[in-house]
Structures are given as structure tokens and as C-alpha cells.
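With the hints as a guide, bring both chains together as one complex.
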Amino acid sequence: MRAREAPGQSNDDKGVRQHIISVLVENRVGVLARVAGLFTGRGFNIESLAVAETEDPTLSRMTIVTGGDARIIEQVTKQLNKLIDVIKVVDLSGEHFVERELMLVKVRAEPEQRAEVLRITDIFRGNIIDVSPKAYVIEVTGDADKIRAFIDLVKPIGVLEIVRTGPVALSRGNKAIS
Amino acid sequence: MKKCGAEIFVECLLKEGVDAIFGHPGGVVLKIYDVLLDAPFRHFLMRHEQSAVHAADGYARATGKPGVCLATSGPGATNCVTGLVTANMDSIPILVFTGQVPTTVIGNDAFQEADIFGITMPCVKHSYVVRRVEELARTIKEAFYIAQSGKPGPVLVDIPKDVSQAETEFTYPREVKLRGYAPTYAGHSGQIRRAAKALALAKRPVLYVGGGTVSSNASPELLELAELTHIPVTTTLLGLGSFPERHELSMGMLGMHGTYWANMSMCEGDLIFAVGARFDDRVTGRLDAFASQAETIIHIDIDPSSIGKNVRTDIPIVGDVKTVLRALIDELKSLKKDWQGDHHEWLQMIAAWAVQHPLKYQQGEEAVKGQYVIETISKLAPDDAIITTGVGQHQMWAAQFYKFRHPRSFLTSGGLGTMGYCLPASIGAQVAFPNRMVIGVDGDGSFQMTSHELATAVQYQLPLKIVILNNYYLGMVKQWQELFYNKRYSHSYLGTIPDYVKLAEAYGATGFRATKPHEVLPTLQRAFQTPGPVVAEVVIDSEEKVYPMVPAGAALREMVLA
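Chains as they are written, first to last, in the numbering used here: chain A, 2 to 179; chain B, 97 to 658.
DEER-style ranges, computed between Cβ atoms:
#1 B:H587 x A:D153: 52 to 60 Å
#2 B:M97 x A:D57: 30 to 38 Å
#3 A:A34 x B:D115: 32 to 40 Å
So, partial list: chain A residues that the calculated Cβ filter (under 7 Å) puts toward chain B:
#4 R35
#5 Q80
#6 V87
In short, the hints are calculated from the structure, not lab data.
Don't be surprised by glycine CBs; every beta carbon is placed ideally from N, CA and C.
Next up, chain B with everything else stripped away, as it sits in the complex (with noise of 0.2 Å):
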């Protein structure tokens, strides 16, 4: 039967599973919006179309399901640049639909025309411009599988105005053949026999765990793998909650913000078994001074090119965090090694760093501590929240001091580093788990970048809890300038504006606001009591910094302590 580009526009999205979009309309998406209005799955109208993005990223976070979002062409299309280079830098899985000027016009400089393909063209996973209507329903298909298959990541689809409306028949196609693209899930049985023989044999072994774990659902396997093997675990900001932060074996985050006892366990290992992570420059701080005492280097990637990109790698294994670790633990199994006691003497060694060095912070009388603030949402929090976050101060600090339990719980832009992030993916994070908590941590900085989008929360009176640790400044950018150049502190002091509670109030949501450390406690238990959008300003001390800190340029080792 024959249907118009718009209506198999939501047909394909609804073959696709999809319960939930991200939108903000315009003129050459109008015929999409029409057929959307009657569509069973639900829009939610943003109010930037960068929020719209991040939404859907937040949603695919949250979920593991592909997020999707809607656009306008032109300045709605530019505006989701950020979002997907966001999405594209964490590998996650969003589907971006833009519309486009009608074909005959492409190139013309017409209203509203933007060249979203060739601008996108470096930070999508794929993309596509749709020209014929014929075309349409394939390319959809195409998209989402390959926005969730092999190393996930965003793919834009260009739909011009005339294609929406032309007519054509609907098949929607059984399967996808994409002659360049076969990502490898099982990883090569020989090395993995030989990871196993090298994790027996090693004294001081680290697991290395990030993002890509978490994308692959592979936490069951990675706490068995932990368990069986007695070998401690360090995880990236991506793979928070990829191992529960309060097992035994846990080290917490390691990096340019990571606890000591974590990074020296990777400057004093004698193996490391990076897990779908990437060797990020935050995490290994100078290379030539990197892993210094590792004989060996294990590391399962889905993504090939990220293997011996950064650092050589002596025992390289292509393929699915989850199906690669469950055939690790099985040749590990059939070894028969007792691996009681192992490792014994590097745990202590470990421990003692701990002791040495914890995460500390004193909270006094007066002026109430961010870390403190972290420590009391974390207390406070039920054991299935989901906290989402900015960038800065508060996210590191939200990073080291916040327990996390469970895998897509900890929602933050790690690779881009984008301020504005934490709302909206909240709000796509509420919308995918209606009846969790979803608990937004933002800095005054990074809250003003996305404020707007209170909007929505209240539009669709989505509960989710934002608090801002407000401390007046760009915190991380001050904490440089303090260290590096000279405490000149360059445009970097935001000021007592706005009044948050009046500003969530002007938006229909409910303020509240602590100022003094024995306010924090029941101020919060208020704020995550009170129903619907609810905004929580705590006024934090500006002189506070993130410690550990590795400086730029220096070796991990060489971490600046309190």
C-alpha cells in the first residue's frame, strides 16, 4: 500500500521498537510532525535541539536501547552538532533525524539549508541524505542497525522535504546487507588461551574496565571473571558501575582524577587487562612513562583501531566485551588453577596505598563541601537511581565520591566534556525508567548551558531531581588558573545569578536551596521526597579542588595530592 516518506517514517520507527522520540519541529519537517501527531509512541518537544540530542543519549544510556531524536533543517540541524559529537566521542547509540530542503533546491543556499551530512561527516558513526522516497525505509533500517551493532555510535539521517511527502509502497526490508561493515563479537580462541595463561601467571595484575563493558551488558561476566580470579578493578568515568564500587576488588576510578591507590596500581602492575577501554589520555597521563612495570598487556576492544593506538598492546583480542569474557572464564576455568590466596600479597600492597592516600576532604561548620554534598546523595540515594552529571568539578567529584552499583546508573559526557549535558540527559533518562529516581549533579556553569530545558521537565512533569553545587565559578577552569596560571582567574567568576529557586520556580518547578553543611541533609531528603521537577541549589566552597590530580603532561604517577 502505497504511504507517504513521512509515514514510513514512523512505521520504520515503530518496527524499530522505538517508544520514545526527541524533537523540535520546523517548517521542512512539517508533513513529519503531522503523521507523528497520530503516531503510538510518545515526542517530547525539547527546547533546543541540542537537548534533543542529548535526550536521546541519555534515553540509550540509560537503556542500551538506540535513542532518537528529531530536527529541523538548517539551525535545527546545526544544533545537534554538540549532541552528536558528544554521543560520538562515548560510542552511543542515537539515531538523529534531520530534516533537509527539498531536493531540487539542495545547494541553492535556500532558507533554512545547512549541509548537516558534510558537516557531521567526522563525528557520526554513518550517515545518510535520503533522495528518493524509495530509498527511505532501507536507509532507516540500515541506520539503526548500524547505530547499534559492532562499536555503537550516532548516524544521522538527512530526509528533504519532498521525500517526506512523496508517495511510494511500503516493504520494510527483512534484513540488512552492508558489504563493508561485519564487526568481529567472538574473540580469536588462541588469544585467548594465551590471556588466560599470562592472567595466571601474573603477580600484580589490574583490570582495566570501561565504557565498552558497560556497552556490551558484560558486568555479570566481569564480576565472575573478578571473583574467580582475585584480580582488583579499576574502572574509567565511562565504566562507573560496570563493577559495584562497594566489592572488595574495587579500586575506583583511575586517571587524571582517579583515586591513588587505582593509578598506582598501573604504574606497579606487571599486567593490565584493559576491557573495552580505550587508553584515553586521561588515563595515562604521559606515555612514555605509562605502565612502566607492565610485562604484559591484555586488551579486548570491539573496535579494532583502538587497539595499539595509544600504547602497544602484547596480547590484542577483537571482538564483544561480554562473549569474549565468557570464553575467557571458561579456558581460565578449565586451567584447574586455585587461585585461593592469589594475589595475595599485591592486594595488601594496594590496600595500604589506600590507607595511605584516601579520598579526603574536610567538611567543617561553615561552608559546605561539594564532596560532602556527593556523599549524601549517595546515602540518600535508592539502589536503582540513576545520577547524570555535567562537566567540571562536581562531575569528578561526583565520579570519586558517589557509590556506584549497578551499569548504566552514571549518565556523563566523558569524551567531548560537555557542559549543558546534565538536564536533558536526565530528562531522557526519566523518560526511558518513569518510576526511578533520576538524579541530575550540575555545576552552576554547566546548568545555565542547558536551563531552558526545565521546560520540558515540567511540560511532562518529569520528577527528576536536579541539584546544582553552586560555588559562583567555572569550578574545574578556576582550580587551573589557580594552580597553573597564578590563581589570574580569566572570566571564570559566574556570580550569584541567577536565583535558582526563583529561576525553577519561574519554570513551574519546585526550588530549594542550602547554604549551610547542616542544611545539606534534610534539604535534599526534601528535594528527593517532593513530587515532580524539583531543583536543589547547594551554595559550595570555590576554593575547594579535585584531588588526586595528574597535571597535563605529567605521568600518572606524578599526581598532585592534597
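Extracted from the complex, chain A is given alone in its bound form (with noise of 0.2 Å):
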């Protein structure tokens, strides 16, 4: 299974690696519930989760953020098929794939930091959509690296709040999840 590497940080050599697994459930009241509590009812993490409808209105699809090795992964897979809302599953990291996530980021600016800010804003290509006195709302969108590279150059400025929507997948090519 090929891993989803973050540059910068090496995984232990037990073999755990973070993976994106995109899972395509019926649209219906407590299969949110029913896919979260059999990550805790099972001791997997969640480091992210991003739900919502497809093209089809009574299919959703959900795409969670979890690390373990591979024997970790493989019931992770196992236990989510077994669900009778869970149409599929696919691990994301073992093919080609693209990847974004929305970050909304409040950072200070100060006025000697205000044209630092805006600069930045413009290499990563984001948005400043709330402008106040001494703070600036930033939306980035982009992959994993592109913001991580962002938060790490406006923290030296100054971060008050941060909130992300964890990423969100899809199969490189012409196959469709269903």
C-alpha cells in the first residue's frame, strides 16, 4: 500500500502511516453516528472527517483521516464493509489521488505586519474575506503541504484562531468511486 507521506516527518518504522479512506454511504439519519462510534467503539482514530451529499441526493460521501499500520487499516476497511449504510470503501493512499482541504485562518496584523500578511496571502493565491483593525480572515484551499506551509509562515505573525475542514479526495483518472 503506498503511503501518504507528509514531507518533513518520517514515519515509525512500525509501519503507521496516515491514510485518506473515502467511504460512500446512503444518505440517512445515524449512518454519521453509526461510521464514528465504530471508530471509537474500536480504539481507530479519526484525525479527520468531511461529510456531505454527491451528485446522487441519497448518497453521501465521507472521507476520514486515519492512521495504523496495515494490519490497522485492513479492519479499519473490514469493519466500515460490514456496515449495512456503507456502500464502499476505498483507502485513497494506495492509488493515485487528488486531495484538498479549506482552511479559514484569523491572523493578527498589526500595522507594521498588514502588507507581510497580504503578500503571503497572495503567493499561497487565498482569499482575505474579513478585514478588521488589527486581524485579517484568510481562506486557503490546497493540499496538505500547501497548508501546513501556510500556517507555519504566518505563525511567527501571529494566529488567533484557526478552523479547517480536514481534506477531501477523489481517484485520479476516469473510474468513479460507485
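If you want it as C-alpha cells, here you go:
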């Protein structure tokens, strides 16, 4: 299984890696709770979770980032498949895939730093979506590396608050998960 | 034609071939109970909803058909949780119908409201809250299908009061379409061929058989396979009865309290063939030492998540045991191997272990031994008797010393180990088979958890025979306290309360007591011949322990012997 490695971050020699798992589920009451409950109940970790309707309103897609060695990921996939409401489970980390995440950052922007914040935002093709005397709220979209790089750059300036959606992902090419 | 939810509920059960349900009424299910009064199938009023679920469970284990129970909302529903988890752990097909407060007040902390859907989410195969009466029929059909198919399991259906009263046109769907659910029954033919070849080459193979073989009704195929290949058979607690224990290839139960020779065969075997078993920790002992001599592990399981979960598998076969074994037998026959005299040395090795360390106990003149009571029951019971147990020493002795001959004849709580299972499960089994003898082997601790169900047994004159092995203690707890906690018997002494004979008579059943070894046989004989529900208390020695024993954290090989 190809791992999704983050730059500057070495993977544990026990084979513990981060995986992005795309789960196609019935769009019904309780499905999210059942999937989340499955993770907690069996001691699997949820690093992030994004879920919404797909092109078919009776189906939702959940994108879950979880970590573990090959055996744990195998169990996660198999246990998810057992759920009646789960239609398909794909570990995208094993394929070519595209991934994007949206982040909103409230950055401290005192007069001396405002220009620098604007410059960084431009470089990252972010958008300033809120302006106030001492802060900007900036929207940034990108893969995990880009998001992390942006945070690293604005941290010294002063990060007041961050909210992230967690990644969503699709496989490359013309095959669809369903 | 228009029907209300309650009528649809009854109609659906009829369409599913239900002939008996176990339940307890309450406020939000009054409409259902009103319609139930005229239903053609029987309803058995239990005294506690936990027992209603255990009864449905016992019914299902004994018959292979799904068991059905009905409870009201709030406390009625929460009382079902233990029974649900019991069924879930052992993969038993049951339908648990709970009433719920009206949809208009759900989430309002209404009277007798409990989020039973939320509470039971991790311990059901699937569950529903029916929010519109138009969904009720399809939901019930799906629920029955899910409970019985693939790896069986409990399904909860929560029915709000207003849904049971609302009316709609009733049509029972002809089929069920579930996009996310497609169990695999036929095993992969390539894997089956690999398995056949491996079996043909193995010098010291072991058949490790579990509850999946019973669920799949695969005993005939198992017998044919074992006799074709001369491979010795050991079963888990839940697999007992799937292979006749008097057969020369039977090694009895394996695991924490399994026989010495069954466990040694797993330790020394070069091929482990797991059939409908899940390598539970009670069986494997310490995992890093498990099956150390096995070059090949074959595993048939209908649940893909059980394969490779605890133990590495070399030849996994996802599928239904019966279907896969049939294909495997055909494949083995096509190999045209002469199996005669095969594994002769291996079988002799196993026989030597059995002689070296047989199951043993000393029955003297003074104190009755629990094991002796089980052996007596085994001799007296008719061929088609059904045995149920509680949990503890008595359960392990029943597993070790009763000689099981048929599948679905041993009903016991394995995965969860629920004390109190015995009496209500006996009720379920007796309802299923009114003309077979149902013998409940119980402990004094376990019996007290659900003893009130004697009222149910008497109300419906169910002729079950409960034998209480009374050692005045929580026997298994005492054993562990003696062996691992310096004999500090912390709160494991129950004492001589109650007088079980008087208790039985208070409910209107017949009570017997034996206190000395020479009384055991005649007392049990009389008890088994007495009509109606019977409780026979046998006072047994509390010093006796269950051996062999694999202590927690020890390897399977490190059995403590008597």
C-alpha cells in the first residue's frame, strides 16, 4: 500500500501511516453516528472527517483521515464494509488521488505586519474574507502540504484562530468510486 | 386496504413465518398489544425484558429461525441491552422490536423515552427507527433479511407510538434491495483448491470448528470431511454439538478450559483449519505463542473482518461454511488421494496425550462434584435433549463432561458470558420444541439473576428441567481469587439463600434437592420424569476447580492441570 507521506515527517518504523479513506454511504439518519461510533468503539483514530451529499442525493461521501499500520487499516476497511449503510470503501492512499482542504485563519495584522500578511496570502492564492483593524481572516485552499506551509509562515506573525475542514479527495482518472 | 402500524406489524411477522414472540407490554406499545391479542401466533409474557431477548435468542439457537421479542420504550428498551449484546457477540439472528414515544416528542426527554437506537448502535448488526408508517413494512422485511443472512445478528426496530397508530395502505414488499450489503456465500474456487492441496500434504492437521458451522447447518459436511481425511476435530464452546463427541476423531473443546489433547494438537499441529471460528482470546491464549508449529492456517468465515484479525491466515476463504465445505469435499475427492491410514501417527500422538492427562475428578462419598452431576445428566438425557447453561464453573463443566451429539443442542452465552442466560433461554428452546427435553444447567449465582422467569415457565406450563449446581459461591470468581488473589474471597460468597426448593414451589414449580453423591442419580431421574417445570438443586463441593486452565496472559500450551 503506497503511503501518503508528509514532507519533513518520517513515518514510524512500525509501519504506521496516515491514510485517506473515502466511504460512500446511504444518505440516511444515523449513518454518520454509526461510522464515527465504529471508529471509537474499536479504538481507531479519526484525525479528520468530512461528509456531504454527492451527485446522487441518496448517497453521501465521507472522507476520513485515520492512522495505523497495515493491519489496523485492513480492519478499519473491513469493519466499515460490514455496516449495512456503507456501500463502498476505498483507501485512496493506495492509489493516485487528488486532495484538497479548506482552511480559514484569523491572523493578527497590526499595522507593521499588514503588508506582509497580504503578500503571503497572494503567494498562496488565498482570499482575505474579513478585515478588521488588527486582524485578517484568510481563506486558503490546497493540499496538506500547502495548508501546513501557510500556517508555518503566519505563525510567527500571530495566529488567533484556525478552522479546517479536513481533506476531501477523489481518485485520479476516469473511474468513479460507485 | 388501509391498516394501522400495529396491524402491519402483526401482518409482517406472519408473512415472515413467526409462530412465537416473547415480550412485555407498556404504554407506547398498547396499540400493538391490542392487535396482538387476536394474532394467530403465540406471545409469551416474560417478567423482564432481558429475559424476553434471551428467550428469543434461545429460540433462534435451537431452531435456526430468527427469534422475535417485543418491549416498550424507556426502561423496557434499556432492559433489552444485555440480551442484545449477548446475541450480537454470538451472532444469533433475533429481531428486537421496541416501542418509542411519539415522533412529535422524540428528543424532548418525554416520559419513558430512551434513545435506544443510539444506545445499541455498537451492539447490533443493524437498527432502525421507523419515522413514518409508510416505511414500516419495508423496514420489517429488511430487518428479517439482515438478521438471518450473511453472518447472522440482532436487528433492533424502534417503533414510535404514533407510527403504530397511523394508517396506510399495506403492501408487503416482494424483495429487499440493500446496496451496501451483499454477503459472500460461495468461496473462491482458487482458494478452495489451494486449501485442498494443503490438506492433502499436511502431516499433523487439526480441524478447529466454531459456531459458524452450527449457524450454517454444516454438520453433515463437517462429518463427511473429517471422515474422508481422518483429520481430528476440536470445537469451540459455541461449536459444541456440530461434531458428535463420541466419534473417534472428536477431541472435545479447546481453549482456556479445553481438553489437554485438543490444546496440544493446536500447539503441535502443522496445519490449522478454522471452520466458522474466529480465533477468540479464550481459544488462542497468548497470541505470540499461538499455533507456533503451524505452517499453514486455513480459515473459512462468512465475515471477512474475522479473517486475519487476530492471527495471520495463509489461505483465507470468505464464504458460507456449508457451501464452502461442499466444494472443498468435491475438490478433495478429485485429488484421488488415498486417505486410508493417513495421519495415523498424529492420531496416536493425540490419543497418548488424552491418556496422559484426561479430564478427571474424584467423586467420593461425602461431597458431590459438579462434574459428576454433568456426567449423570449426560447419561440420563434423551438423545435429542437441549442443554442450556448460565456462566461460570457449571458452564465449563457442562461443556467438558456432557457428550454432545447434535448441533443446536447446546445453548450457552459464549462471547459475552451472560449470567442469567439459562432459564430464559430454556424457555425459548422449550417453546420452540415442546416435545423435547430441555435441561438448564445453572449455577446458584447465575440462576438468581433471572430466577423470576420461573413464573413464566409455570404460567405456560413449560416442562423445562433446571438443575442448579449450588456451591454457595460465585464459583468461577472464587477459583480465580483462589489461584491469583491469594484466596482473598472478595464478595464471592452467596451463602445458602434462597432455599431453591421453596423458591420453586413459591412459583408453582416442583423442587428437588440432592446433597449427597448417592442421591444425585435418583433425584435427577425423578426430576426428569416429573411433568411441568422442575428445579433440582444439587449441593456441590465449592473447593472443586475447572481444569485444565490456561491462565490469562499465558500461552495455550501453559495449561494448569489438576
